[in-house]
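S.K.: Sequence:
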Amino acid sequence: MKKRSYWWLAIPLVIGGCAGSGDAQKRPPKPKAQSCFLNCNQEENLGRQYLDGVLPGDLNPVARVNSNRPHNFRMFGPQSQIVVDRSKRMASRYGNLYYKLNRWIAAGGDPAKLPSYGVTLSQLGGADNRGNILFTGYFSPVLEVRHQKSGEFKYPIYAMPNCGGRCPSRAEIHQGALANRGLELGYSKSLIDNFLMDVQGSGFVHYGDTDQMQYLGYAGKNGHGYVSIGRVLIDRGEVPKEKMSLKAIKEWADSRPESAVKELVENNPSYVFFQRRPTNDVIGAAGIPLLGMAAVAADRRLLPMGTPILAEVPLLDKEGNWTGRHELRLLIALDTGGAVKGGHLDLYHGRGEQAGVAAGHYKHFGRVWKLGL
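Numbering (UniProt numbering), first residue to last: 1 to 373.
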């Protein structure tokens, strides 16, 4: 699953100050730029730290967590309980570890004392092999729709078709390849908002004609390759690389005619289909309801579903600037995403406008430790 209606509230990212944080360190030569969520290169030090020397592997066993950051572990207990209640397999694999971590939290959550609870630690090396893990954010949008095509509500959201092979491309779908097959889950009034919910992979819709809230989960995709429209706009000189964000895409689309928006999004032939879910729980790829600021999308090759991690999450101000500080959080890998590979974590922020604002700011770095027994 991956997730935005309040995309336009996502503030462009700029560098924040780091005075007095203790995070500003003498740095080695600048590592190769990493790719951000929208495939634009990150050249700024958005929370990077160089505290641990070279970490040659993806996972590097360590004896202790070298961090004295303030912590916030309050959401780990509820999220870990949901995992245990909903999945026998993950309860069997991780239940004892969750129990020990909750005992550790109750005793004060001192990172230096984790080994005394029998918890093993492996620090993620990151793309630069210096422990810098890219954090992006996602959330569950709320998109205004109607059950039937009506006036400005003319852009369909489709259920998964039976294609008998590879499904039509985005352009072919826009041309009516799936029309009149009973696949329409609703109609929105914004082609770009539909596209951005496609990028998120799931979201809430509000049927204004019946005042009904419905969660639409990921049902599948059409099998065509993904192309970043953010990269398209950068390459065309439409949006500067340093200002690229979901907000920038939304603003660009809102100031262009429908034909220009249609042409832009059709550069990405990949298309996501949705399904109505019986509850309004936001379900991740692990089949577990997600809680905001407690769950992350991760590369399951490094962090199998259910894996707990200790993360130095970058703290941003309301303008999306890095404050120069990090906060330790206990998170659980419960989701995946096509762009979430290697040293990249996508932090779930929750549902609605406030979550969208916070998630839209995220494109920063922090350190991460995988926890085990």
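Hints were generated in silico from the structure; no laboratory data involved.
Treat the hints with caution; some may be incorrect.
[What the hints assert, rightly or not] No farther apart than 30 Å at their CA atoms in a straight line, the calculated lysine-lysine pairs in the DSS-like style are these: (1) K189 - K100; (2) K189 - K241; (3) K221 - K189; (4) K262 - K154; (5) K221 - K262; (6) K341 - K100; (7) K189 - K318; (8) K241 - K221; (9) K341 - K221; (10) K189 - K262; (11) K113 - K100; (12) K243 - K341.
S.K.: K113 and K100: Cα distance at most 30 Å?
M.R.: OK: K113 and K100 at ~12 Å, within 30 Å.
S.K.: Measure nothing beyond the straight line between the CA atoms of K189 and K262; if it is 30 Å or shorter, mark the hint as holding.
M.R.: 13 Å, holds
S.K.: Starting from K341, check that the Cα of K221 is at most 30 Å away, please.
M.R.: Holds - the C-alpha atoms of K221 and K341 are around 19 Å apart, at most 30 Å.
S.K.: Assess, step by step, whether the Cα of K241 is no farther than 30 Å from the Cα of K221, and give holds or violated.
M.R.: Answer holds: K241 to K221 is near 28 Å, not above 30 Å.
S.K.: With a cut-off of 30 Å on the C-alpha distance, tell me whether K341 and K100 pass.
M.R.: 29 Å, holds
S.K.: Please work out if K189 and K100 have their alpha carbons no farther apart than 30 Å.
M.R.: Measuring from Cα to Cα gives roughly 49 Å; hence the hint is violated.
S.K.: What's the verdict on K221 and K262, does the C-alpha distance respect the 30 Å limit or exceed it?
M.R.: Given that 30 Å is the threshold and the Cα spacing comes to 19 Å, the pair holds.
S.K.: Is the Cα-Cα distance between K243 and K341 30 Å or less?
M.R.: Holds, at roughly 23 Å.
S.K.: With the threshold set at 30 Å, check whether the alpha-carbon distance from K221 to K189 stays at or below it.
M.R.: 22 Å, holds
S.K.: Within a Cα-Cα threshold of 30 Å, do K189 and K241 meet the stated pairing?
M.R.: 29 Å, holds
S.K.: Are K189 and K318 close enough, with their CA atoms no more than 30 Å apart?
M.R.: 29 Å, holds
S.K.: Does K262 pair with K154 here, judged by a C-alpha cut-off of 30 Å?
M.R.: 14 Å, holds
Violation of the numbered hints given earlier is confined to hint 1; every other hint is satisfied by the structure.
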